[in-house]
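A.B. asks: Sequence:
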Amino acid sequence: MTVAKFQVSKAIHKALSPSHFLLTIIVLTNYMVQYAIEINLIVNQQGRRHIEPIANYYLSNSSCIYFNSSQTYRLATISMTRPSIVSISTINLVTCISTAISSILLASWSDRYGKRSIYALISIFGLLCQAIMAFLTVYGRYNPNLLIYGSLVLGLTGGLPTFIFSLFAIVGEGCPQKYQGLQWATLTVCMYIGYAISLQMIFRGLSHYNLIVILIICISIYIISLIFAFIFIHLKYNCSRNDHNVVKKNLLLDILISFGVTCFTLVRKRKHKLRFRLLLVALVFTVFSYAILTDLVNTYLVLYPYCWTSANAYIFESIRLLGIAAGGILGWLFLRKYLRDSILANIGLTCVIAPLGMIALGTPQLWLLFGSIVGGALGGIAVPCMLNMISKTIKRNEYGMVFCWIAILYIFGKVISEYMAQRFMILHANTRSAMIAFAAANLILLPPKVFLIFLTCCDKRKEKRQKKEMETFSVVKDTLSPIDDGILSNDHNSVVSETTV
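If you count the sequence shown from 1, position 376 lands on 375 in numbering that gives the first Met the number 0, and the numbers rise without skipping.
Hints listed in this document are in silico derivations from the structure and should not be mistaken for laboratory results.
Simulated pairs of lysine-lysine, BS3-like, Cα-Cα distance not exceeding 25 Å: (1) Lys461 x Lys177; (2) Lys391 x Lys467; (3) Lys177 x Lys463; (4) Lys466 x Lys177; (5) Lys391 x Lys466; (6) Lys463 x Lys391; (7) Lys177 x Lys391; (8) Lys391 x Lys461; (9) Lys177 x Lys467.
Using the sequences provided together with the hints, build the complete structure.
C.D. replies: In structure tokens:
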């Protein structure tokens with residue numbers, strides 16, 4: 000119990016560090032800007048009398064880790080008039096493609112030259128530019144060209160996924176392997192707390208202030224965050240662990256070559272290659288199933304707005320997100336002592352979808368609230384455990400590229416899965432279909448998760464066997480003479496090498 004208290008105090012101390020505080024502020028502000036943009040697009044066309052079902056929809060959909068890149072169908076369906084589907088499609092396409100390309104280039108640059116802090120600062124600058132364009136859009140009564148320019152700048156600088164994973168790379172590279180899992184857990188807590196607070200701030204702020212005031216506050220926060228990041232991250236975490244610290248003349252060619260080399264090293268033959276691939280597969284299918292069920296449930300809530308009010312929706316979603324944050328840190332501190340990372344990650348990957356399936360059952364009730372807290376808490380364990388597993392299978396100078404690929408998988412997985420959910424909802428707009436999708440998503444996840452558990456059990460048995468051999472060798476070694484001791488050592492080294500091969 001004393002060890003657990005010590006770990007909790009250390010986690011709290013880490014959570015109060017500048018990097019964790021910055022992550023919370025950026026996530027919070029980003030969601031405020033995105034909600035302001037989306038709600039303004041609809042309210043300007045239909046008036047404030049439609050704000051209640053819109054609030055239901057966006058509150059329940061805010062649990063996604065990154066801002067949805069596919070707004071085309073649902074905005075066009077709700078507004079029915081303008082903004083046109085071409086404008087929305089262009090905004091989303093520009094953001095998605097430019098984010099994917101720039102994330103790869105920035106990640107290769109950070110891995111090649113060790114400039115993790117510049118990587119994060121560029122992302123914050125892109126978020127600031129998008130907030131400014133959003134302010135001009137709201138002030139000018141919806142000019143889609145400004146949103147396109149803002150989305151382009153945001154995408155070219157990597158966006159929110161790039162910032163989050165660059166911060167993960169900064170903290171992971173500057174932290175010893177022993178404490179990396181604790182860092183992932185505290186970062187997860189800060190991230191989800193930012194999500195939960197943003198839900199409360201944007202919709203409570205809309206009832207007292209207009210969107211322009213909220214966007215001015217967001218721009219001010221971004222400017223302060225940029226200064227804060229330069230002082231505390233660039234000066235403190237100016238990591239330069241790589242050997243290639245001298246920038247070459249042909250920078251772009253060098254980055255592209257580094258990108259190819261890094262991709263080759265990620266798939267080459269190594270000890271944990273199969274597990275690393277399976278983990279990414281499980282992660283992708285989790286995003287797909289989570290996004291599909293989210294859109295099914297959200298469409299259900301919009302079609303039946305009398306089931307959920309905005310008060311029910313944001314209270315429910317905020318508590319669920321806080322449950323994910325609490326489950327991430329508490330599960331890491333207390334359950335990891337008895338279970339391995341892969342088992343905890345598999346439990347979390349299964350439970351993260353469960354609360355959304357429960358929402359589809361009907362109106363908000365007390366048992367549904369408690370169930371969402373439990374499901375969110377168990378789902379929160381998955382994030383730090385998956386990050387810890389990935390960090391053990393790669394080198395420190397590959398953190399940027401690996402986290403970049405995860406961000407890209409989230410972006411494109413979200414886009415494709417939302418389109419699938421929208422087409423499915425047109426044909427089957429009922430709760431039973433949502434539950435069928437929920438069951439199918441968990442069945443798809445089952446094979447890679449079972450295989451991961453099997454590999455973990457095999458590794459655990461192998462570790463026990465090697466430990467038993469070492470204990471037997473040490474006991475026999477104490478009873479032998481120095482000459483026999485040398486002979487036995489040579490024999491044991493040969494046995495260990497054969498076992499490793």
